[in-house]
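Those protein sequences? They're chains A and B, same order as listed. Start counting the first sequence at 1; every next residue gets the next number (the working numbering). Start counting the second sequence at 1; every next residue gets the next number (the working numbering).
Some clues are possibly wrong.
When the alpha-carbon atoms are kept at most 16 Å apart in a straight line, the in silico EDC-like pairs for lysine to aspartate or glutamate are as follows [claimed, not checked]:
no.: 1; chain 1: B; residue 1: 367; chain 2: A; residue 2: 50
no.: 2; chain 1: A; residue 1: 43; chain 2: B; residue 2: 673
no.: 3; chain 1: A; residue 1: 225; chain 2: A; residue 2: 214
no.: 4; chain 1: B; residue 1: 525; chain 2: B; residue 2: 512
no.: 5; chain 1: B; residue 1: 689; chain 2: B; residue 2: 560
no.: 6; chain 1: B; residue 1: 699; chain 2: B; residue 2: 673
no.: 7; chain 1: A; residue 1: 43; chain 2: B; residue 2: 490
no.: 8; chain 1: A; residue 1: 43; chain 2: B; residue 2: 60
no.: 9; chain 1: B; residue 1: 277; chain 2: A; residue 2: 93
no.: 10; chain 1: A; residue 1: 43; chain 2: B; residue 2: 287
no.: 11; chain 1: B; residue 1: 367; chain 2: A; residue 2: 314
no.: 12; chain 1: B; residue 1: 277; chain 2: A; residue 2: 47
no.: 13; chain 1: A; residue 1: 43; chain 2: B; residue 2: 285
no.: 14; chain 1: B; residue 1: 367; chain 2: A; residue 2: 85
no.: 15; chain 1: B; residue 1: 305; chain 2: B; residue 2: 291
no.: 16; chain 1: B; residue 1: 267; chain 2: B; residue 2: 240
no.: 17; chain 1: A; residue 1: 77; chain 2: B; residue 2: 60
no.: 18; chain 1: B; residue 1: 528; chain 2: B; residue 2: 490
If you are wondering where the hints come from, they were derived from the structure by calculation, not from laboratory data.
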Amino acid sequence: MLSFIGRSIIQKIITLFFVMVISFLIIHLAPGEPSQVDPLNPKFTPEMVERFRKAFHLDEPLHVQFVYFYRDLFTGKTISWKDNEPVLKKIGERFLNSLPLFIVATILIWTLAFPIGVRSAIVRGGAYDRLATFFSYLLYSIPGFFFAYILILLIVNAFHVPVIGMKTFGLTDVSLLRTGMDRVWHLVLPSVLEATVGIAVLSRYVRSQMLEVEGQDYVRTARAKGLPPEQVHYKHALRNALLPFVTMFGLMLPGLIGGSVIIESIFSWPGIGRMAYEAILSRDYPIILSINFISAVLVLIGTFISDILYMVVDPRIRL
Amino acid sequence: MIVRRILIGAPMVLIIFLLQSYLWVPTYEQQTRGNPERLTEYITASIGDASILNPILSADSASNDIESKVFEGLIDRDKELRFRGRLAKSWKIYEEAFFYINEKASIPHLGKATAPEVVKLLKRARGGYVPVGAHVKTSLDNIREIAIVPAREFLVTRQEKVMGKAAEKTAVRIRVMAPDRIKLILKNVDQDLFKSLSTILGSDYFHSFPAQDYLSGDEGGPDGSRGKVDYAQEVLPATEHNPVIIFYLRPHVKFHDGHLFEARDVKFTYEAIMDPKNLSPRIADYEPVKEVEVVDPLTVRIFYKRLYSPALGTWGIGILPEHLLNSEALKKEAMRIGNDPERFSMRQSSFNRHPIGCGPFVFQEWKSDQYIALARFDDYWEGPPQYKRFMYRIIPDLLTQEMEFYAGTVDSYDVQPHQVQRLKNDPAYQNFSGLTFGYTYIGYNMRRAPFNDPRVRRALGMAIDVHKIIQYVLYGQGERITGPFVKQTDYYNHLITPLPYDPEGALKLLAEAGWRRNKEGWLEKDGKRFQFTLITNSGNDLRKAVLTIAQDSWKQIGVDVRTDVVEWAVFVQERVDKADFDALILGWNMGIEPDLYQIWHSSQTHPYQLNFVGFKDPLADDLIIKIRQEYDHRRQVAYCRQLHELIAREQPYTFLYASKWTAVLDKRIVIRETDAAGNIIYRKITPTKTGNYTFYFNKWIKLSEAPVFSAKD
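Could you put the whole structure together from the sequences, leaning on the hints where they help?
And the structure:
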C-alpha cells in the first residue's frame with residue numbers, strides 16, 4: 001500500500017512536469033499576440049510592440065520564459081496581462097462564483113440519476129424504462145448552448161423574469177430572504193443545464209450497473225429466500241451496484257476548476273470557465289497557464305484519490 | 001422502505017425548493033413599479049469587460065465607455081463634430097517657426113547676409129516694399145513677430161552602435177556651434193511659410209544650409225560621413241515649424257475627491273503618457289509634442305516639434321489627477337503593498353481599478369465580468385446628470401442580452417439589425433440607427449499581377465452588386481461608400497459616385513487589359529487563366545458572406561476565384577503582415593481625424609506595416625502629408641476631397657459599405673430639461689446630425705409612464 005502511494009506520487013509528479021512543458025509550448029507556439037498588442041491599429045508603432053513584448057518577457061527564448069513563468073507562479077507573483085491583477089486572487093474569486101453552480105449541479109445529478117436509473121433497471125423493458133432511455137439520449141445529444149437558449153427564451157417570454165447573471169439587477173432595498181431567493185432562482189437554470197448531461201449519462205450507468213448486479217447469484221438467492229422485492233432491489237442489489245460510483249467522487253475534483261465555458265458565457269456567470277475562455281481569446285498567457293496547471297494538479301489528485309477509494313471500498317483489489 | 005423514500009423524496013424536495021424561488025423574483029413591470037429607485041438608474045450591457053480604467057493605458061472599447069463617463073478631456077466634439085471646450089474654456093493655436101542663417105547662400109539683390117540683414121529684408125517684405133506674389137503675401141501678412149536667436153554652442157551625446165556588435169552602444173559626444181537663427185511668430189499655422197520665404201531669400205537658401213559644418217567632435221562616428229549629414233540635419237534642421245496650442249482652463253472644476261483641477265494635471269497626463277515605464281498605447285499621438293508648459297494654474301501652453309494637425313483632437317483624452325498618481329503617491333503605494341518602488345509603475349497602481357477623474361459620473365464599484373457601477377457626480381461643472389446611477393453590465397452573449405432587455409434588467413444593449421426588425425413596431429420601444437465610423441473593403445495586393453492594373457481592380461469592383469450585399473447580408477443596415485474617410489464628416493467627397501454594378505462593363509475593361517474569355521468561359525491572358533485566392537478571417541459572418549458573394553460574382557464573369565477563411569491570428573501574422581495574399585476582405589475602424597498616413601502612404605508598404613496592399617502614388621503621398629500638416633479646416637477638407645477622388649480613381653480597395661449601428665430604448669426614457677422659467681420640460685430623444693443619440697445622455701431619465709409628445713417633437 002505505502003509503496004503504491006509512493007510510486008504513484010512520483011509518477012504523477014513526472015506526468016505533471018510533462019503537462020507543464022507541453023501546455024506551455026502549445027500556448028506559446030500557437031499564433032497570436034496578447035490583446036494589448038494590436039498589430040492592425042495605426043496608432044501602434046513597432047517600437048511599442050517591442051516594448052510590450054519586452055515587458056511580458058516575450059522576447060526571451062522559450063525555456064527562459066518557462067522558468068520565469070513557473071517561478072512567478074510558485075511564489076504567487078504571477079499577474080494577469082489584461083488588468084495587472086494577481087492571477088491567484090482572480091482564480092480564487094472566480095472559483096467561489098463557480099462553486100455554487102457546481103455544487104447545485106452535482107447534487108442534482110447525484111440525487112436524480114439514482115432514482116431514475118434504479119427504477120429503469122427494475123422495470124426493464126417497460127414503458128417507463130423506454131421513456132427514460134429516450135429522454136436520456138435526447139438530453140445527452142442536444143447541444144448545451146441550444147438547449148440553454150430554448151429554456152431562456154421560454155422562461156423570459158412566458159414569465160418575464162430575469163434569468164441572467166447571479167442576481168436580478170437594480171434590485172435594492174429588499175429583505176435578505178428575498179435577495180437570497182433571487183440568487184437561488186438565478187442558480188436554477190444554469191445548474192439544471194449543467195446537470196442535464198450528467199443526469200443522462202449517470203442514470204444510464206446506474207441502470208446498467210443495477211442490471212448487472214440483479215443478475216448475480218446472491219440477488220437470486222435473496223429473492224428465492226422470499227424477501228420482499230423492495231428489500232432485494234434497494235438493499236442487496238443497490239448496495240453492490242454502488243461500488244463503482246465511489247471512485248467517481250475522485251474524478252469530480254477537476255470539475256471544480258473547469259467550470260462550464262458555454263453555460264457560464266450564456267448566463268454571463270462570472271465563473272472560472274468563462275475567465276479561462278476569455279483569457280484564451282485575449283492570449284492572457286499567465287491566466288491560461290495557471291488554470292491549466294491547477295486543473296492538471298487536480299486531475300492527478302483526483303485519479304489518486306479514486307485509486308485509494310477503490311482500494312478502500314473493494315477489499316478484492318490489492319495493488 | 002426508507003432507502004426508496006429517500007431516493008425519491010430528496011430530489012423532490014430539492015426541485016420544489018429550487019422552483020419556488022421563482023415566486024420571489026420581480027417581473028419587468030414590478031421592477032419599475034415596486035421599486036421607484038430603478039427609474040433613476042441606467043443599466044447598459046456590453047459583451048466584454050473593461051480591462052484597465054485609465055484613459056492613458058486602455059485600448060479597448062469597454063474601458064473607453066467607462067472612462068468617457070468618469071474622466072473628462074480638455075475638449076471634445078459637439079453634435080456637428082466640431083471641437084468644443086470641456087475642461088478647457090477656450091484655446092488658441094499659433095506657430096513659432098525657426099530657420100538658421102545660411103551664411104554661404106546668396107540672397108537675390110543682397111548677396112551673403114547676416115541675421116540682422118535678413119530680418120530687415122523680411123520686415124521690408126512684410127511692409128510691402130518688396131514685390132511678391134499673392135500667395136507669398138498671405139504668408140508674410142501672417143507673420144506677427146520677427147526676432148533673432150543669437151548663435152550658441154552646446155554639447156550633444158549620441159548613442160552609436162558599435163560595428164559588428166549590435167547590442168553594444170557607445171556614447172559619442174558632439175560639439176555643436178549653432179549659427180544665428182531667426183524666430184518668426186505666426187498668427188496662424190502656415191505649412192507653406194518656408195516655400196513662400198524662399199521666393200524672397202532664394203530657392204536654395206534653406207536647402208543648402210550646411211548643417212554638418214557646425215558639428216565637431218569625435219569625427220563622424222563609425223558609420224561614416226553619410227550618418228553625420230543625417231544626424232546634423234536632425235540636430236540643426238535648417239527650418240522648423242513649432243505649432244503651439246494654448247488652452248485656457250475652466251476654473252473651479254473639481255475631481256471626484258474634491259481636489260481642484262489645474263494646469264499641472266494636464267502636464268502630468270502628458271508626462272505619464274510619455275513615460276516609457278507606463279507602456280501607454282497612446283504614445284504615438286503625443287510623440288510630436290515638444291514641451292507642455294504650465295503658464296499659470298489655468299493656462300497650459302503646448303509646443304510641438306513639427307506640424308501635426310491631428311494634435312488638437314488628442315487633447316480629448318481624459319485628464320488624470322496628478323496628486324493621486326505622481327511619483328510620490330506611487331512610491332507610497334508600492335511601499336504599502338510591499339512592491340519594489342523602482343519597478344512599480346502607474347500600470348500596477350490600484351487607481352486603475354478605482355479611477356478618479358472629473359467627469360459626470362463617480363466610479364463606485366467594479367466586479368470583474370459582472371458589472372461596473374458609477375454614481376452621478378453632484379459637483380459636475382456642467383450640472384449633475386439626471387440619472388443617479390450608471391450600471392455597466394457585462395453579458396458576453398448577444399441573445400441573452402436581448403432576453404435581459406425584455407426582462408427589464410438592462411436599458412440598452414448591443415442590438416443586432418435583425419433584432420431591431422422585431423422591435424421596430426413595438427410601441428413600448430424607440431429605436432435609433434446611424435453610420436459607424438468604419439468600412440469593409442476588398443483589398444488587392446498591388447505588388448502582384450494582374451492587380452497592378454487599375455482597370456482590373458475597377459472591373460472586379462464593378463462585378464459585385466454591393467447594393468444586394470447591403471440589402472440581404474446587412475438587412476439594409478449599411479450604406480455604400482466610395483473612399484477612406486468617415487462619411488459623416490466634411491472630408492468625405494460626396495461628389496464621387498460609387499462603382500456601378502455592371503458585369504458587362506467589367507468585361508469590357510478586362511478586355512482592354514488583355515483578358516478574354518476562352519472556350520470554357522474563363523478569362524485568359526497569354527494562355528494563363530485569371531485565377532487568385534480571396535481570403536478573410538474566421539469569426540466574422542458578415543465577411544464570410546461577402547466572401548461567398550464576391551466569389552460567385554467573379555465566377556460569373558469568368559474569374560477563377562478560390563477562397564480561404566483563416567483564423568484571425570494566423571490571418572494577421574502570416575498573411576497580412578507578410579503581404580502574402582492576392583486579395584482579402586477586411587475592415588477599418590476610423591477616427592474622425594483625416595490622417596491616412598499609416599494606411600495609404602507609400603513609406604508604409606513594408607512587412608508589418610498597414611499599407612499592406614502596396615498602394616504607391618506620389619500625388620497621394622503629397623496630399624497625405626499636406627493633410628497631416630494643414631491646420632486650416634477649409635483647406636484640409638479640400639485636400640481630403642482631392643485625395644478621396646484619387647483613391648476612388650485608383651481603386652486599390654473595392655470599398656464596399658459602412659455598416660450602421662442600431663440601438664433600442666424603452667420609450668419611457670426621455671430628455672429632462674429645465675427651461676428659463678424653471679419649468680421642467682420633457683423632450684423626446686433625438687439623434688444629432690451625425691447620428692449620435694447619446695449626445696445628451698446626461699439629461700436622460702426614465703419615467704414611470706411613457707409621455708405623449710405632440711407631433712412636432
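Looking at the structure, which of the earlier hints fail to hold? 1, 2, 5, 7, 9, 11, 16, 17, 18
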